[in-house]
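Engineer: Hey, can you work out the whole structure from these sequences and the hints?
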Amino acid sequence: MSSTGRSQPQPAKAAVRARWPLGLLGLSLIGAGISAYLWRAKAGEMSLICGPVGDCVTVNASAYSEVLGVPVALLGTLMYTSLAAVLLVEWRRPGTPLSTVGFSLALAGALFSLYLTGLEAFVIGAYCIWCLTSWVLITVIALVWGRALRRSAA
Amino acid sequence: MSSKSKKKSKSGKSGSLQWAVGVAVVLVALLIGAQWWANRQDNETITRAAAYYEQFPTQGTRIGSPNAPVHVEEYFDFQCPHCHTAKDQVVKRLLDEYVAEGKVQFTYRFFPILGPESVLAAQAAYCAMEMNAFWPYQELLMSKKGTGNRGTYSRDNLIDYARQMGLDGTAFRDCLDGERSLQHVRQAYDQGVRMGILGTPTFVVNGQVVNMTSWEDIFGVIDRALAAAAR
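Chains F and H, in that order, are what the protein sequence lines are. Counted the way this note's numbering counts, the first sequence spans residues 1 to 154. Counted the way this note's numbering counts, the second sequence spans residues 1001 to 1231.
Rather than coming from a laboratory, the hints here were simulated on the basis of the structure. There could be a bad hint or two in this list.
Listed next, with one range per pair, are the computed distances between beta-carbon atoms [stated by the list, open to error]:
# : chain 1 : residue 1 : chain 2 : residue 2 : range
1 : F       : Val136    : H       : Ser1214   : 40 to 48 Å
2 : H       : Glu1179   : F       : Arg92     : 54 to 62 Å
3 : H       : Gln1041   : F       : Val136    : 27 to 35 Å
Only some residues are given here: those of chain F computed to face chain H with a beta carbon under 8 Å [claimed, not checked]:
# : residue
4 : Arg19
5 : Tyr37
6 : Leu78
7 : Ser104
Just so you know, these numbers come straight off a predicted model, no measurement behind them. Even for Gly, the Cβ is constructed at its ideal location relative to N, Cα and C.
Structural biologist: What follows is the structure in structure tokens.
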């Protein structure tokens, strides 16, 4: 804001700021749902429906589906839920430092998902449609979030 | 806001963005490192167990010489925390000091009483037994120390553990899903009930249930049985 005291209305910018956290919030909730489904299936409470693509049962039970005994799907559920909470805050009160923390978490999720997808292709030899969907979701979330932060920093 | 402070704010935001990327990269490196380390531990457990059990004569869930003067049995449940402790405190010493010297033959008896994953784990161990891999497989399952039906011994995990050991995953899955493995585990459980077993772990020496107040007690009973056999 300039020091002249007169502020000009900026409707277009305000609209963009208001939309992206809500869009990403929706994607985060979908991601949370997918991760929770994989997590409960890994615990043996639900059966996994893989569809025509790949073998999600093999992937979700592989040695790479856990980190120190904690299911990766549980980590994913916690991550998406946290992101949804941060995005809700970002939507209500844009520009808080929490947004940068959220972006960092989303980027970590996207990079770790990329690594896991590489494992599916080159080590496990099986694909999981739910995991691939989650990878796309978290990558989109990280890219859009990063772009929004860069814009506000530019 | 002055243009100077605006500039400062922008560069601060840009710096925190770089910082966020750095934190993300470090976080991912930690996750990958932790996963790599844990998988290495599993592989080491499998390799070590395979080498360790090769020194003993085994037949199904029995280990040690069939001519040993004393026969020790343990009724156990893969999800029982005291069975995990008994493995470290009793079974290991029993194998190293008694079975290795031909004094004792030891048998694991399935007695799954702690829920569906106890039954599944016992069935999976039976399937590993059919593939001549019971001993290293039970070692891997025990090292997981699963309790409370939380998924450690879910069907899919049990199949993956078998795959990690180099067993035929498809044959293992067929066995685990089949009636044969369930029937075997049911029979083992019924046998325990007939023996009057009430909980796990329960040790039986030469057909007599041992009442234990400490882990040490079992060795006293075994030593007395060995002395009686030597007379």
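Engineer: Hint by hint, note whether the structure agrees.
Structural biologist: Hints, verified against the model:
At roughly 57 Å, the beta carbons of F:Val136 and H:Ser1214 sit outside the given window of 40 to 48 Å. Between H:Glu1179 and F:Arg92 the beta carbons are some 57 Å apart, a value that agrees with the proposed interval 54 to 62 Å. Judged by the Cβ atoms, the range 27 to 35 Å given for H:Gln1041 and F:Val136 holds: they are separated by roughly 32 Å. At about 20 Å, the closest approach between the beta carbon of F:Arg19 and any beta carbon in chain H exceeds 8 Å, and the interface hint on this residue is violated.
Checking F:Tyr37 against chain H by beta carbon gives a least distance of about 14 Å; that is not within 8 Å, so the hint is violated. Taking 8 Å as the C-beta contact cut-off toward chain H, the hint placing F:Leu78 at the interface is violated, the least distance being around 13 Å. Of the supplied interface hints, the one on F:Ser104 holds, with its beta-carbon coming within about 4 Å of a beta-carbon of chain H, less than 8 Å.
Checked against the numbered hints listed earlier, the structure breaks hints 1, 4, 5 and 6; every other hint is satisfied.
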